[in-house]
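Heads up: the protein sequence lines correspond to chains E and C, in order.
Using my numbering, read the first sequence as starting at 189 and increasing by one per residue.
Using my numbering, read the second sequence as starting at 2 and increasing by one per residue.
Keep in mind the hints are simulated off the structure, nothing from the lab.
Each hint should be verified, as a subset may be incorrect.
[To be verified] Distance windows between CB atoms, simulated:
{"#": "1", "chain 1": "E", "residue 1": "Val307", "chain 2": "C", "residue 2": "Asp164", "range": "21 to 31 Å"}
{"#": "2", "chain 1": "E", "residue 1": "Ser268", "chain 2": "C", "residue 2": "Pro138", "range": "35 to 45 Å"}
{"#": "3", "chain 1": "E", "residue 1": "Asp331", "chain 2": "C", "residue 2": "Pro53", "range": "53 to 63 Å"}
{"#": "4", "chain 1": "E", "residue 1": "Ala219", "chain 2": "C", "residue 2": "Pro52", "range": "51 to 61 Å"}
[Stated by the list, open to error] Which stretches of chain C does chain E cover? Using the computed rule of at least three CB atoms under 8 Å from a CB of chain E, they are:
{"#": "5", "stretch": "41 to 51"}
{"#": "6", "stretch": "167 to 175"}
Ideal Cβ placement from N, Cα and C applies to all residues, glycine included.
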Amino acid sequence: MNLLRPTTLRWTLTELMMATAVAALLLTCAALIGYQYLTARQDLERELGSLADMIGATSSAAVQFGDTDKAQEILTKALSVDPRLVEGRLETAGGGQLARWRRGASAGGASLGVRRAIVHDREQLGFITLRGDLTSAYARWQDYVMLVGALLAASLWLAFMLSYRFQRVISSPILHLADQSLRVSQERDYSIRVERRSNNEIGILYDRFNEMLEQIEERDRALRDAHDRLEERVAARTRELRQEVAERRRTEAALIVARDVAESASKAKSAFVANMSHELRTPLNAIIGYSEMLHEDAEADGDAVLARDLSRVVVAGKHLLRLISDVLDLSKIEAGRMVIGADDFPVAAVVDEVVQTTRPLAEKNGNQLEVVTPADLGVMTSDRTRVAQILLNVLGNAAKFTERGRIRLTATRRTEARGDLLVFEVADTGIGMDRADLEHLFVEFTQADASASRKYEGTGLGLAISRHFCRLMGGHISVASERGVGSTFTIVLPAAVDAEAARPTGAQHLTPALSASGDQAPMGAREAPVSLAG
Amino acid sequence: LEPLGHAVAACATLVCLLVLPASSANAPDDTRERQVKAAFVFNVLKFVEWPPAAQPAASAPLRVGVLGSGPLAELATALVGKTIKGRVLSVQTYQRVDQIDDCQVLVITADAAVDLRDALRATSGKAVLTMSEQHQPTPTAAIITLTVVDTKLAFHVNLDAADASGLQLSSNLLGLAKSVQSQRLRQGRP
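In isolation and in its complexed conformation, chain E is listed as follows (with noise of 0.2 Å):
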């Protein structure tokens, strides 16, 4: 079976089956062989017993009597007929010798003794030993080995025979259900179901086999209609995808469209405004001119009425002037125009320029106008109109809401790391402001109060634009006001302006594509295009 090498169930089953079997009759020859051996011998031994026990009761008397004839009588007659025996001596109870029986023709093999006591009325009178022959029980047992062999092989071929024949109820339905399985697995078809032949375990699996084909049919069936349904949604949402997308693209462009429309339109404004505020001024600064000589040519005459009417002329048309110079600041900065000069200066002169012009505004109010300046405030390179303008604005204001109080210009210079700052501050006694007023207070055509720009007149573009050209010129301005007491504004700007600084960056909120250059009159000696600043 070994040489067989089986790996097979069938073979399994078939070795299993035989090693019982095997195990089993070796077992059951082994003890019958064995016991064969034992009975063998102690068959023996008991035919010598009890004939060794018949010779004693027989020769009792010769043996008392000491008859050696009549005991060598007794024991050969005894002795001569089974040819098993081998030997026999009779014995006086002193250990005498009083007969003795040899079997000529003895092979001397194995044999077995026995050795009785000669007793009559309880007294031992003798012994007697028997010797028997083995050598035929042996034969005999070894007949019996040689058939019990025989038997056995022929039980083994009969086991095998009946073993290959039993392991097919056993394994024939596992190999039928290896073999559905195995097609299962090869042709992928989930609708293979075994037919159940028995009721045991093998039966159980068979179900169990047929539930889980099942239940991946099932299974498979559901992951098709799933797969089939994703599909149909994958193929919708794209659908609707690209009908988002169509839809965007078509708004994107539109978008496009309409701030192309807006970019030319807000540009268009911007050169509009500049150009009308330029042509606005040309006629009006006719108007004053002629006015101004009409009031000198009434004052000679000594109309006073058409005197003060011309007067009133003036005034009105020199501030519809200084609006439209505003408007047309405002709109060049916010065209991206405004170009920024780079001129030498003393900032004294500059100083004593604006509070001259200041001063009888200051005092028709009532004001005392301080100024406080170091000895040497020394030279900047800058706009000079614009920073006029600046100090202009911050200190007309001072001197417009304020009334009988007090307003100080403090001009110092400040030398920093990056190079020297020119601060100048205002401080008056004026209405003052709140926080809440402080928020607009930079921003375009605001007033901090809107019922006060009748009172105290004004564009409400004068702060807005201030810091616009402190932005340009590389400073800032900053208020600090309380209403009620009065307001400090501070203006910082730096002693040299960097060209290059006022530049305009990507830092400006405008974009660059606006900040492009028109038919602009040259402002100073070195221009450079700038942007508004917030």
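Fit chain C to the known structure of chain E by using the hints.
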């Protein structure tokens, strides 16, 4: 086993011819002869069964009576102190027949000055084992008659007499006897 059993059975029935070896090779050696004869008497007693009625109490001695003189008369010295079936032997000597009293064994020596028939008559009807050195033709012989054949001690058995006195003699003993006189055996065997 079967043939062996048959052999034993056959052997047991064939016990008849028996020669008793006596060590007394020389006739003048009386002492030796007396010892052998005493041993013989003692051995014979072992193979004799007395009827239960004739037996005295278990503790009582087995009485052996010796009538006459001669070698057998010396039994006293040989048998004293020995026991048969747990009973001690006692020896009684008689000179005349009328002296015979209650005994289980009566030995009549060769030179007893009495007629054997008288002695046997005195014990007839009693369970007494009679042993004699004197020959007497059957059927009136003693139960056991001793004789010497070729310097060997042998004996004859009068089984009829034993039957008459109710004694049972072992077949082993009969097998050793020179001759057995018995109506019963002769009738039983063709």
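Results for each hint:
1. E:Val307 / C:Asp164: 21 to 31 Å: Once the Cβ atoms are compared, 27 Å apart, the range 21 to 31 Å for C:Asp164 and E:Val307 holds.
2. E:Ser268 / C:Pro138: 35 to 45 Å: The hint (35 to 45 Å, Cβ to Cβ) holds, given that E:Ser268 and C:Pro138 are roughly 40 Å apart.
3. E:Asp331 / C:Pro53: 53 to 63 Å: holds, 55 Å
4. E:Ala219 / C:Pro52: 51 to 61 Å: Since the Cβ atoms of E:Ala219 and C:Pro52 sit about 57 Å apart, the hinted range of 51 to 61 Å holds.
5. 41 to 51: holds (count 4)
6. 167 to 175: holds (count 3)
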